[in-house]
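Below are the chains, spelled out letter by letter.
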Amino acid sequence: MNGALPSGLELGSNYSVRFVALDATDGSAMAGVAIGNAAIQVNNLSDSSLSDLETGAWFLVPEKGP
Amino acid sequence: MPNQAQLVFGEAGGSSVAYDVPHAQIIELVCATASFDGGGSAGAWFPAVEVVSDSGHVISRTVTPQSVPAGGSADVTFAPFLGAVGTGGGGGFDPSTALPFNGGELHVHAILDVPGDNWQTEPDAGGYVVVSAPALGDPSPDAWVIPVLRLVGGL
Chain A
13 MNGALPSGLE
23 LGSNYSVRFV
33 ALDATDGSAM
43 AGVAIGNAAI
53 QVNNLSDSSL
63 SDLETGAWFL
73 VPEKGP
Chain B
146 MPNQAQLVFG
156 EAGGSSVAYD
166 VPHAQIIELV
176 CATASFDGGG
186 SAGAWFPAVE
196 VVSDSGHVIS
206 RTVTPQSVPA
216 GGSADVTFAP
226 FLGAVGTGGG
236 GGFDPSTALP
246 FNGGELHVHA
256 ILDVPGDNWQ
266 TEPDAGGYVV
276 VSAPALGDPS
286 PDAWVIPVLR
296 LVGGL
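Quick mapping for you: the protein sequence lines, in order, are chains A and B. Add 12 to the 1-based position in the first sequence for my numbering, that's all there is to it. Add 145 to the 1-based position in the second sequence for my numbering, that's all there is to it.
Possibly wrong hints are sitting among the right ones.
Pairwise CB distance ranges (calculated) [as the list claims (entries may be wrong)]:
#, chain 1, residue 1, chain 2, residue 2, range
1, A, Ser61, B, Ser218, 20 to 28 Å
2, A, Pro74, B, Gly216, 16 to 24 Å
3, B, Gln211, A, Ser40, 32 to 40 Å
4, B, Ala215, A, Thr67, 18 to 26 Å
Simulated coverage check for chain A against chain B, where a stretch passes if three residues somewhere in it have a Cβ under 8 Å from a Cβ of chain B [said to hold, decoys possible]:
#, stretch
5, 14-21
6, 44-53
7, 58-66
What the hints contain is simulated information worked out from the structure, not anything from laboratory work. Only a predicted model underlies this, so the values are computations on that prediction, with no experimental measurement involved. The beta carbon of each residue, even a glycine, is placed where N, CA and C say it ideally should be.
Just chain B, with the same shape it has in the complex:
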């Protein structure tokens, strides 16, 4: 990957840290990470990364889905596909996660804890992963349709 570069900020950080794209350069931002030390914060806050245009306007602002409480700290990674964690039912990922158009292939690795043997998984027409046990003659297979991940976009 000769055109891919990692750039690190070599000084102690302040309340904001910015990378200014040098003259005559064009980059694609792939991933950003930083440590946020909120030991002096008096209230809850959100770690964020912004893209500021050459005119000084914020054209993109990405924040974490959860805030950091007063006095708290966080190591944060901003990257595509690192979306919000589901907020209901004790966590897990959001089953309605949307993918960017022409997102290509998405490989999902998951462990499904289901009873018995002969369970099968397959994608249905709606983009959900369906778990069923036809060999066991389950009388209500619909009860085992698990929306593991909804695929949205140009796949």
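Bound-form chain A, shown alone:
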């Protein structure tokens, strides 16, 4: 199943990307849905290193070695 994410979504400090399940009848949060295996791919637009993007339970996928 796919969804058309807008392109060029630039997010600054304290913005969030949030996965949710929405009730089909009223758009409210749907109970009984567990979300896992979440992953995002981002372009780092900061001057800092990629490792600075790690936060909380989110971890950077290590690059493959040479």
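With the hints as your guide, set chain B onto chain A.
Frame of chain A; chain B shown alone:
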């Protein structure tokens, strides 16, 4: 691609999972994916990904074009160009898919099942792909104008 990063959520998920952009960081969201286990859901629902601003307001909400029935589950990918699947005529992609402004080149790979040989394809002025058989002297070539994809935007 030194500035491109993949971030994974390392814990068992709950009813919502969020990545908070750390202080002094700026990112561009390219793609998002997750598994939605709706085994405990009592009604139909939509998988969604939201962008929440630093003030707590939802400024973008992307949902899938189809809902998931009660008790169902779905693996979902959210990315540009992964749009709605056509709902009429047995499926296929939406011929009126709009592209973002300055979307650049779009390469479409498709198999057109047409009878005979010497068929030709070309884009017409309206942005449609036209299939015709001039070598066969088709008396009604317009009948074979197939709106494979309508290109809209700054191309």
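A quick look at each hint next to the structure:
About 36 Å separates the C-beta atoms of Ser61(A) and Ser218(B), a value inconsistent with the hinted range of 20 to 28 Å. Evaluation of the 16 to 24 Å hint for Pro74(A) and Gly216(B) yields a failure: the beta carbon distance comes to about 37 Å. At roughly 19 Å, the beta-carbon separation of Gln211(B) and Ser40(A) lies outside the given 32 to 40 Å, and the hint is violated. At about 34 Å, the beta-carbon gap between Ala215(B) and Thr67(A) misses the expected band of 18 to 26 Å.
Look at the stretch 14-21 of chain A against chain B: 8 of its residues bring a Cβ nearer than 8 Å to a Cβ of that chain, three or more, so the hint holds. Check on the stretch 44-53 of chain A: 10 of its residues sit with their Cβ under 8 Å from a Cβ of chain B, so the three-residue criterion for coverage holds. Counting residues of the stretch 58-66 of chain A whose CB falls under 8 Å from any CB of chain B gives 6; the rule of at least 3 is met.
Hints 1, 2, 3 and 4 from the list above are not met by this structure, while the remaining hints are.
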